[in-house]
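A.B. asks: Top line first, the protein sequences correspond to chains B and X. Residues 1081 to 1478, numbered by my numbering, are exactly what the first sequence covers, in order. Residues 208 to 331, numbered by my numbering, are exactly what the second sequence covers, in order.
Calculated from the structure, these hints are not laboratory results. A few of these clues could be false.
[Stated by the list, open to error] Pulled from the structure, derived: some chain X residues nowhere near chain B, Cβ distances all over 10 Å: (1) L225; (2) P232; (3) A273; (4) I279; (5) R280; (6) D286; (7) P289.
[What the hints assert, rightly or not] Mimicking DSS-like on lysine-lysine, the simulated pairs with C-alpha atoms at most 27 Å apart in a straight line are: (8) X:K313 x B:K1336; (9) B:K1303 x B:K1336; (10) B:K1371 x X:K313; (11) B:K1157 x B:K1097; (12) X:K313 x B:K1097; (13) X:K251 x B:K1097.
[As the list claims (entries may be wrong)] Short, incomplete list of chain B residues facing chain X, as computed with Cβ under 7 Å: (14) R1298; (15) S1299; (16) D1300; (17) R1301; (18) R1321; (19) L1340; (20) H1369; (21) K1371; (22) H1372; (23) A1374; (24) W1375; (25) T1407.
We put the beta carbon where it would ideally sit given N, CA and C, even for glycine.
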Amino acid sequence: MGDTWENWSGSLRFSPKRTERPENENALSDLVCRAAEGRRTIRPAGTGHSSSPLLATRDTLVSLDAFRGIESYDPAKREATLWAGTTLGEAGGLLLGLGLAMPNLGDVDVQSVAGALATGTHGSGKRLPVLSAMIAGGRMVTASGEITEFSLEEDPDLTRAAQVSLGALGICTALTLRLLPAYRLHRREWCTTADRCLAHLDDLVDRHRNFDFYWYPRSDRVKLRTMDPPGGAPESIPYARLVEERTGWSSEVIAKVRTLRFDEMEYAIPAEAGPECFEAVRRRIRERHRKHVAWRVLYRTVAPDDAYLSTAHSRATVTISLHQNATLPFWGFFHDIEPIFQEYGGRPHWAKKHTMTADDLEPLYPRWGRFLAVRRRMDPDGLFLNPYLQRLLGEEGT
Amino acid sequence: MRPVGRTVWAIPGGHIPLRTTGPEPEETSSDMICLLNAGDRDAKVEITVYYEDREPVGPYRLAVPARRTRQIRFNDLIDPEPLPLDTDFAGVIVSDVPIVVLFARKDTSRAENAIATTLAFPGD
């Protein structure tokens, strides 16, 4: 066995037999061919921010650390092709140098572009979809070792599967993203109470380009976070106190640096059920979990998209996420809240903690069968599957 | 102004009540410390929390600017770990400049609210 691999929070550990760091696509292709010949399996690794076992393997783990930077860009089409191992933070800086920016980012930007997009990572904003909706195409090394290009224009079926691929179709080496001209945002954070926030929730969600809130279970306070074009938002929120603000390029103000490590469970709920689901979660935490849980609950909004496995597929979405310090037990808390999310038709974030498997997931995703068909076409022998993915996708026989 | 206080303080009797009655956040049961830094230098403060049955947790780091006060609810601390409610604990507070520390408990477990305050024990 090789060295033990550990994710950011420390809750996921495994020892791959070997960790490979190919320098280029040809070397990666050779690696895939050798694995296929030896009937071994391969999982691609990002930066390890995820806490789900999507990449856990006792066989070969592939790092895409060497695949960094911008391969090409087209200013007229506002598109850029990024190497898969580039982190979102690096990408933001590089794109800004080209006068471009991603339409949105999540709460942190330490993940690799390929890892974040393959797991449906998102930010917040009623009119802003998951990050993978940026994908116009890309390139992957398939199970046969072929270096294949894909695009929405040429192969929409493969591309919509590849937008949120879970790394189960092949190993993405580059992604072509649809971008915006670089833009600035005025980020503000406000304190108020949960009741005041909920009373004005629709207005907050509608009015701001990016809006989310944190609820603090031990005080029932909330922190509102709003981001808007400078000068393009109301001066004040009458029922909230402004506690922090800054204005800057989107890539510099949307994500924050997080040093305190935590584990997280997040579910995507149909937007219309979001407030009621949040109220049920809030009630349950206050009744049962305040003794040990002080971390905030995060409420975000996401626009619908058509990636087959996007957690916002075909529905306007609210996401609600639970957090617990990485040094403390979290499963008891998560297990108790998870059925509430499921009662409201929740889809779990692919990169975070959850307990759902194929039988639970299939009814939630109208294009589940299409995704599996693409997966089987791309990787009939399951070179890119691990036991967790087999259970998750119902592909145990592969 | 001449600094007032000490650099080491101890609170042996912490216990955040689990139950709260009344509207929150105003009536949330809590253990709190009130810090006064009357001096001209910012205070870097570290709190270590002790328990009956396990190793101490900390430091919880915070700052109190010069000539300012700050109130910290133990309920709200999460870095490095939240304190469990309804559990006995003690705190040792170390500052790099003299400060004064008051400990306050608000217990709204029952409708008849109770507030208790005491000066922390100066340790140096």
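A.B. asks: Look at each hint and say if it fits the structure.
C.D. replies: Hint by hint, here is what the structure shows:
1. L225: violated (6 Å)
2. P232: At roughly 4 Å from the nearest Cβ of chain B, P232 (chain X) sits no farther out than 10 Å, so the non-interface label is violated.
3. A273: holds (21 Å)
4. I279: Its Cβ never comes within 10 Å of chain B, the nearest being 13 Å, so this holds.
5. R280: violated (8 Å)
6. D286: violated (5 Å)
7. P289: violated (3 Å)
8. X:K313 x B:K1336: violated (34 Å)
9. B:K1303 x B:K1336: holds (15 Å)
10. B:K1371 x X:K313: Given that 27 Å is the threshold and the Cα spacing comes to 16 Å, the pair holds.
11. B:K1157 x B:K1097: violated (43 Å)
12. X:K313 x B:K1097: violated (56 Å)
13. X:K251 x B:K1097: Violated, at roughly 47 Å.
14. R1298: Result: holds, 5 Å to nearest chain X Cβ.
15. S1299: holds (4 Å)
16. D1300: holds (4 Å)
17. R1301: holds (5 Å)
18. R1321: violated (13 Å)
19. L1340: At 5 Å from the nearest chain X Cβ, L1340 (chain B) passes the 7 Å test, so the hint holds.
20. H1369: This hint is violated: H1369 (chain B) lies away from chain X, its Cβ roughly 10 Å from the closest one there, beyond 7 Å.
21. K1371: holds (5 Å)
22. H1372: holds (6 Å)
23. A1374: holds (3 Å)
24. W1375: Given a least distance of 6 Å, the restraint on W1375 (chain B) holds.
25. T1407: Result: holds, 6 Å to nearest chain X Cβ.
Violated hints, listed in ascending order, are 1, 2, 5, 6, 7, 8, 11, 12, 13, 18, 20; each of the other numbered hints is respected by the structure.
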